[in-house]
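Student: Sequence:
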Amino acid sequence: MKILAVDYEKPELEVLLDAITEVAPEAEIHAFQSGEKALEYARTDMCEVAFLEIRLREMTGLEVALNLKKIWPYVNIIFTSGYDEYVMEAMKVRASGYILKPVTAEQVKDELENLRVPLAPAKSRNHAQTFGNFELFVDGNAVDFDSTRSKELLAFLVDRRGAMVTNGEIAATIWESNTNIASTQAQVRKARANLIYTLNNCGAVDILRISRYEIGVNPKKMSCDYWQLLDHDERVLNSFRGEYMSGYSWAEPTLGSLMSEFM
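Just so you know, we're using numbering that gives the first Met the number 0 here: the sequence shown kicks off at 0 and counts up by one.
Be a bit skeptical, because a hint or two may be false.
Within a straight-line C-alpha distance of at most 25 Å, the following computed DSS-like cross-link-like pairs (lysine-lysine) qualify [as the list claims (entries may be wrong)]:
#1 Lys1 x Lys36
#2 Lys91 x Lys1
#3 Lys220 x Lys150
#4 Lys1 x Lys68
#5 Lys100 x Lys36
Simulated from the structure, these hints should not be mistaken for laboratory data. The structure displayed is predicted, hence computed values, not measured ones.
With these hints in hand, go ahead and build the complete structure from the sequences.
Tutor: Next comes the structure, spelled out in structure tokens:
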């Protein structure tokens, strides 16, 4: 379990860390005194639970929560505060819980045992995020793609949910081009090669199924919020907010289908 702990007051943060460590000694905890630093971490590393002080300095805990949910839609937000006046605002961002200070191990234990979004007993080391912007995470770290086209190609394959896709389909969908144009065929081959190279470098090339003229993803080698939603997985049912593969026009039919069924 990966946990963020955020409080601008160092003594308060240390109390929170001690309580979390006592309750969940196996958890990977990352502590920050700044909401911006916490968000910077979350953009490249997976986050399942976040304990946020409501009254931070440069931005409020509520603002941090909203931005954090854009990065990880199914993160469990647990607010901490010395005041109860923010409870209603906390509920508006679908918080998992609210702890009144001083934080105790008993309070932390109660919140972790009653999370809004249940944690998976075991996660695939490769996870595709499709709600909002598309990202691939390997061992909790966002993959850095050298080519935007190779990243879009992987997004398209994830959208196809394991179906094998021909080079012609890729050209017609991503490049919106005649599949017989030599320059387009060359770009498709280059995007495929870049994708294979990138995934091989991060130890995740096994998520692909490859033949000379077709390519697809192997759903057994990765997890994906979109696929989990279709399976009515409780971890993501409350996480879809009407955003899917933002920036990719070919994803609009899938978005429409998800909106119709889940909104």
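Student: The structure should be examined with respect to each hint, and the outcome stated for every one.
Tutor: For each hint, the structure was consulted:
At roughly 16 Å between alpha-carbon atoms, Lys1 and Lys36 fall within 25 Å of each other, so this suggested pair holds. With a C-alpha separation of about 24 Å, the suggested pairing of Lys91 with Lys1 holds against the 25 Å cut-off. A threshold of 25 Å between alpha carbons decides the hint, and for Lys220 with Lys150 the separation of about 18 Å falls inside it, so the pair holds. For the given pair, Lys1 sits about 15 Å from Lys68 by alpha-carbon distance, which is consistent with the 25 Å threshold.
For the suggested pair Lys100 and Lys36, the alpha carbons sit about 23 Å apart, so the restraint of at most 25 Å is met.
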